[in-house]
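The primary structure of each chain is shown beneath.
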Amino acid sequence: MGTGVTIVAPSNLYDCRLGNSCFIGPFCEIQRGVSIGDYTKVQSHSFICELVTIGSHCFIGHGVMFTNDRLASGGPAMGDRTKWQSTHVGDHVSIGSNATILPVSICSHVVIGAGSVVTKDITKPGVYAGNPARFLRDISVP
Amino acid sequence: MGTGVTIVAPSNLYDCRLGNSCFIGPFCEIQRGVSIGDYTKVQSHSFICELVTIGSHCFIGHGVMFTNDRLASGGPAMGDRTKWQSTHVGDHVSIGSNATILPVSICSHVVIGAGSVVTKDITKPGVYAGNPARFLRDISVP
Amino acid sequence: MGTGVTIVAPSNLYDCRLGNSCFIGPFCEIQRGVSIGDYTKVQSHSFICELVTIGSHCFIGHGVMFTNDRLASGGPAMGDRTKWQSTHVGDHVSIGSNATILPVSICSHVVIGAGSVVTKDITKPGVYAGNPARFLRDISVP
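So the sequence lines, in the order shown, correspond to chains H, A and W. Each step along the first sequence adds one to the number in the working numbering, with nothing skipped, and position 142 is 446. Each step along the second sequence adds one to the number in the working numbering, with nothing skipped, and position 137 is 441. Each step along the third sequence adds one to the number in the working numbering, with nothing skipped, and position 85 is 389.
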């Protein structure tokens with residue numbers, strides 16, 4: 305765990321890596337092996353599962369659910385990790401509240417609208433929203 | 305805080321105003337400055353942020369997420385309150401579980417379907433649902 | 305409560321029935337009268353209300369919200385149980401994270417995609433997703 309980290313109780317964090325100056329709101333669960341970069345904020349009620357990596361300067365809204373199992377074989381992997389998939393989120397990514405993130409890669413400088421369901425990789429900076437999430441517009445990348 | 309208020313633990317409430325006979329379920333976070341009217345119920349897992357005002361006789365379902373930041377400049381306001389926007393909910397408004405409410409105004413006598421994403425002001429009584437939420441049908445207003 | 309049940313704190317469970325080898329994650333609320341079958345897992349942040357019955361070998365993801373009130377008369381039933389409706393979930397049903405389940409029946413061998421809103425009965429095995437949830441494809445039923 306880095307320096308200057310704030311964790312608001314109650315939250316359940318397991319063996320995960322938090323960068324410097326991270327903020328974790330209440331009622332969160334963050335599973336083992338998760339890595340979160342510097343200055344990233346995770347708001348209340350969010351769940352971050354194993355095999356998720358989040359970059360720095362990100363904003364994870366309230367009630368955001370990450371996943372590592374697409375239930376692709378008609379049910380959950382039930383501990384069969386060979387069926388789990390990873391999620392990678394770049395830097396300066398903002399994910400709106402109540403969004404759901406399937407196992408995907410999201411590049412840096414992306415905004416996901418609140419309530420969206422991200423089902424595919426996002427490889428171009430911009431604003432995405434909807435169920436399934438689609439590209440809405442560009443954003444200015446510094 | 306009014307009389308006859310019920311708050312189920314664990315919930316995190318900050319410096320907010322609750323009217324008479326309000327009910328707050330478990331696993332809620334209600335931020336400072338929020339105002340909630342008489343006889344309004346907030347169910348479990350809901351998050352109500354700063355700059356939200358809710359009237360009386362409202363029903364806020366489970367897992368409802370309010371927002372005050374549209375991430376409009378390509379990222380979160382990160383404490384720059386000049387970029388935050390307020391939400392006003394009238395009286396006799398019912399919001400279904402897992403709904404997401406962007407910073408909008410919702411007039412009195414409105415029903416928001418479960419799982420909806422409200423992105424625009426609602427100025428006419430009725431039932432609204434979907435992502436984004438759209439008008440479905442009228443309701444009888446007493 | 306059956307044998308071999310795991311419940312991760314904090315969770316609020318009322319007078320409900322849990323079968324053998326059930327798992328209940330943290331930050332859940334399960335109301336009175338709920339029945340959950342053997343080997344079923346309920347992940348973090350989920351809410352299961354009165355009048356819900358879930359079979360065996362099911363997987364309820366994170367942040368899944370069940371409902372028993374369609375707000376059909378323009379507002380919540382507010383304790384008038386004659387207006388509540390029940391939900392029945394069969395066996396081997398997997399419900400993805402952040403899904404919302406209106407009062408419906410879901411047959412056995414069904415997968416509900418993450419972030420979906422189930423508004424109608426599901427009577428045929430398969431994968432369903434979207435808001436509202438629609439049939440996507442068949443699954444192989446053993």
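Everything labelled a hint here was simulated from the structure, so no lab data went into it. If you're wondering where the values come from, they're calculated on a predicted model, not measured in any experiment. Any given hint could turn out to be false.
As the list makes no split between identical chains, a pair holds if one copy fits it or if it spans any two.
[Stated by the list, open to error] Computed list of lysine-lysine pairs in DSS-like fashion (alpha-carbon distance at most 30 Å, straight line):
id, residue 1, residue 2
1, LYS345, LYS428
2, LYS387, LYS428
3, LYS424, LYS345
Hints, one by one, checked against the model:
1. Only within a single protomer do LYS345 and LYS428 lie at most 30 Å apart by alpha-carbon distance; the minimum there is 22 Å, versus 37 Å between protomers.
2. When the C-alpha separation of LYS387 and LYS428 is checked against a cutoff of 30 Å, the pair qualifies both within a copy, at 27 Å, and between copies, at 25 Å.
3. For the homomeric pair LYS424 and LYS345, the shortest alpha-carbon distances inside one copy (23 Å) and between copies (26 Å) are both at most 30 Å.
Checked against the numbered hints listed earlier, the structure breaks none of them; every hint is satisfied.
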